[in-house]
Amino acid sequence: MEVTVTQMRKGLLEYCVMALLAEQPRYGYELVQELGRSDGLLISDGTIYPLLSRLRRDGAVETSWRESSQGPPRKYYALTEPGRRRLAAFSAEWRSFSAAVSEILGRGAVR
Amino acid sequence: MSSQVRSQEIVADYLSRLERALAGAPRARREEILADVRAHIEEASAGLTGEAELLSMLDRLGEPAGVAEAALEGEPAPVPRRAGLLEVLALVLTPVFWPAGVILLWTSSGWNVRDKLIGTLLPPGGYIGVLFGFPLIFLRIAYTCGGGSTTINGVTTGFSNCPPPPPGWVSGLYYASTLLWFLLPVLSGVYLGLRLRRR
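If you read the sequences in order, they're chains W and Y. If you're matching positions, the first sequence starts at 1 in the working numbering and goes up one per residue. If you're matching positions, the second sequence starts at 1 in the working numbering and goes up one per residue.
Treat each hint with caution, since some may be false.
Simulated pairs of lysine to aspartate or glutamate, EDC-like, Cα-Cα distance not exceeding 16 angstroms [unchecked claim]:
1) W:K75 x Y:E63
2) W:K75 x Y:E42
3) W:K75 x Y:E43
4) W:K10 x Y:E73
5) W:K10 x Y:E69
These aren't lab readings, by the way, just hints derived from the structure by calculation.
Throw the hints in and build the complete structure from the sequences for me.
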C-alpha cells in the first residue's frame with residue numbers, strides 16, 4: 001500500500017504543480033506553500049526543485065526572474081503552451097479515471 | 001557561539017551534504033537545484049526564530065539523499081563497468097602484442113575516445129612508433145661498421161670499414177629516441193591503467 005501511495009504521489013505531483021502554474025506564474029517557495037496546504041501531496045519540500053528542473057527541461061514550464069521587495073530576485077515558473085496541452089490531456093484522463101475508481105470503490109463494499 | 005553563526009553553519013552543512021548527494025547529477029542540474037534550494041532556505045528563514053524552527057524547516061525540506069534521488073530519476077544506467085576481463089587483457093596486450101591489444105582497447109567501454117587514441121598512437125606499434133622506428137633503423141644501418149676479411153698471399157687480415165662516427169647530436173638523438181621507444185609503451189600502459197581506475 002505504501003508503495004502505491006508513493007507512486008501515485010510521484011505520478012500526480014507534476015500535474016498538480018502544472019495546474020497551480022496554470023492559474024498564475026509562481027516562484028518555488030510559493031509552490032511549496034500552496035502544495036503544503038493539501039495533505040499528503042508534498043512529503044519533502046526539497047523534491048519539488050528536481051521536479052521543476054525536469055519540467056523545465058521537458059519544455060512544460062519556463063522560468064523568469066522578477067524583482068522582490070523582500071530580498072533577492074525570485075525565479076518564477078510559468079506554464080508553456082505545450083505544458084498547457086499536456087495538463088489538459090492529463091486532466092481529461094484523470095477525470096474519467098478517478099471517476100471510475102471512485103465509483104467502483106463506492107459500490108457499498110468499501111466503508 | 002552566537003545563534004546566527006550557528007544557524008549559518010547548520011544551513012551550510014545541509015547544503016554541502018546536498019551537493020555531495022547530487023554528485024551523480026549533470027553539473028548544470030546540480031547547480032540549478034542547489035541554487036533553488038538555497039533560495040528556498042533564504043525565503044523560509046525570514047520568518048523563523050531560533051535553531052529549533054530552522055531545523056524543522058530543514059526537516060520539511062527533506063534529507064539530501066531524498067532530494068538527490070528525485071533529481072536522478074529516469075537517468076540511464078550509470079558509468080559502464082570499470083575493470084572487467086576485457087580491460088585487463090587490453091591493458092596487458094597493448095604494449096606487448098600491439099594489434100590484439102588495440103582491438104581489445106577499442107571494443108572496451110572502459111576508456112573514452114581520447115584515451116583510446118593515446119593507447120593506439122603510442123609505441124610500440126602505433127603510428128608514432130613507425131615514425132620513430134624507421135629513422136632509428138636507418139641510423140643504425142648507416143652507422144654500422146662494415147667489415148670482413150681478405151686473404152692476400154696467405155695472410156689473412158681483417159679489416160673494418162667504419163663510416164666516420166656520427167656527430168654528437170645525432171648520437172644523442174639516437175639514444176634518446178631508443179629510450180623513448182622502449183619507455184613509451186610502458187608509460188602508455190600505465191596511463192591507461194590509471195584512467196581505468198578513475199572511472
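Okay, the hints, checked on the actual structure:
For the hint linking W:K75 to Y:E63, the alpha-carbon distance of about 23 angstroms lies beyond 16 angstroms, and the restraint is violated. Taking the CA atoms of W:K75 and Y:E42, the gap is about 13 angstroms. The hint holds against a cut of 16 angstroms. Using a Cα cut-off of 16 angstroms, the hinted pair W:K75 and Y:E43 holds, with the two alpha carbons roughly 12 angstroms apart. A distance of roughly 11 angstroms separates the Cα atoms of W:K10 and Y:E73; the hinted pair therefore holds under the 16 angstroms criterion.
Pair hint W:K10 plus Y:E69 holds up; C-alpha atoms about 12 angstroms apart against a cutoff of 16 angstroms.
When the structure is compared with the earlier hints, a violation turns up for hint 1 alone.
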